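Undergrad: All residue numbers for the sequence shown refer to the working numbering, where the first residue is 1 and numbers rise by one.
Hints should not be assumed to be uniformly reliable.
[Stated by the list, open to error] Dumping the calculated DSS-like pairs for lysine-lysine here, alpha-carbon to alpha-carbon at most 27 Å:
1. 221 <-> 186
2. 211 <-> 163
3. 75 <-> 163
4. 186 <-> 163
5. 261 <-> 75
6. 70 <-> 163
7. 211 <-> 221
Calculated from the structure, these hints are not laboratory results.
None of these values were measured; they are calculated from a predicted model.
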Amino acid sequence: MTAIFVCPRMLLSLLSGLIMGAAVLFVLYRWVIPMAVQYHGGLALLWHDVIVERALDTLTRTSRPQRILKAVQTKATVGDPQSVITAIDHFCRHREWAMNVGDEKGSILDSVVNEVSPVTVLELGTYCGYSTVRIARLLPPGACVITLEFNPDYAAIARQVIKWSGLEDKVQLVEGASGDWIPWMKEHFGVQAFDLVFLDHWKERYLPDTKLLEECGLIQKGTVLLADNVICPGTPDYLEYVRNSPHYNSQYYRSHLEYTKVEDGLEKSVFLGY
1 MTAIFVCPRM
11 LLSLLSGLIM
21 GAAVLFVLYR
31 WVIPMAVQYH
41 GGLALLWHDV
51 IVERALDTLT
61 RTSRPQRILK
71 AVQTKATVGD
81 PQSVITAIDH
91 FCRHREWAMN
101 VGDEKGSILD
111 SVVNEVSPVT
121 VLELGTYCGY
131 STVRIARLLP
141 PGACVITLEF
151 NPDYAAIARQ
161 VIKWSGLEDK
171 VQLVEGASGD
181 WIPWMKEHFG
191 VQAFDLVFLD
201 HWKERYLPDT
211 KLLEECGLIQ
221 KGTVLLADNV
231 ICPGTPDYLE
241 YVRNSPHYNS
251 QYYRSHLEYT
261 KVEDGLEKSV
271 FLGY
């Protein structure tokens, strides 16, 4: 049998090359690519919401919502909603991006909630409960958020995040499609109309769900609709409707896609009645 001799210098060179390659890949993943996509919405969503999420799901055998929940359980204080918000924002800015409303647009959401001081709130799109917590922590006594989430896995995580924040008494989380649930809101929850509706679900559902809310009488004079992501990914049909309808007074709040420099914003539309 012929012995195979490996030169130490060759082995060292190969090892150095592997280390250098790994270092370059890490720098690309951790800093270069995230910085490069900061100003391009499509690339940012492709990188963060497809490539990175799928890679980390495979490597960690967990989902992004599960990793967000772990960050909350590790960093946030039980019964302290602000600490839950801070923990998620820190995770999304420094560890892994996620499509919450985010801290920058979240402050706009806060200001609208404080301005309206709603008793009945409908949130379309719960995801992991970040915006639900932001809204519920500002509500007056006796007020309630009904939040609707289509994905049962997201809903399961959101329930734990909401419970960790100590706000479960102010939140009713419903699983299912918005188009199926909206016609049953009055009968199931005893709600006559909503003071505030926060739209943050599938963008193609913004307009049909708004019209459905109108048809079901769940929007009354003075009801405020606040829609997220109206620029990125964008909701052009919804914007055209609320900005041109004589039944709404609309105002655009310019901001950025959560945790990036990509232009995005919130559209606030006050229903004026018929």
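Undergrad: Take the hints in turn and mark each one as holding or not.
TA: These are the hints, each one checked on the structure:
1. With a C-alpha separation of about 17 Å, the suggested pair residue 221 and residue 186 falls inside the 27 Å cut-off, and the hint holds.
2. Restraint check for residue 211 and residue 163: the C-alpha separation of about 32 Å exceeds 27 Å, so the hint is violated.
3. With a CA separation close to 15 Å, the supplied pair residue 75 and residue 163 stays within the 27 Å bound.
4. Proximity of residue 186 to residue 163 is assessed by CA-CA distance (about 25 Å); at most 27 Å being required, the pair is judged to hold.
5. Taking the CA atoms of residue 261 and residue 75, the gap is about 26 Å. The hint holds against a cut of 27 Å.
6. Restraint check for residue 70 and residue 163: satisfied, since their Cα atoms lie roughly 14 Å apart, inside the 27 Å limit.
7. For a cut-off of 27 Å, the pair hint linking residue 211 to residue 221 stands: about 15 Å separates their Cα positions.
Violated hint: 2 only; the structure is consistent with all others.
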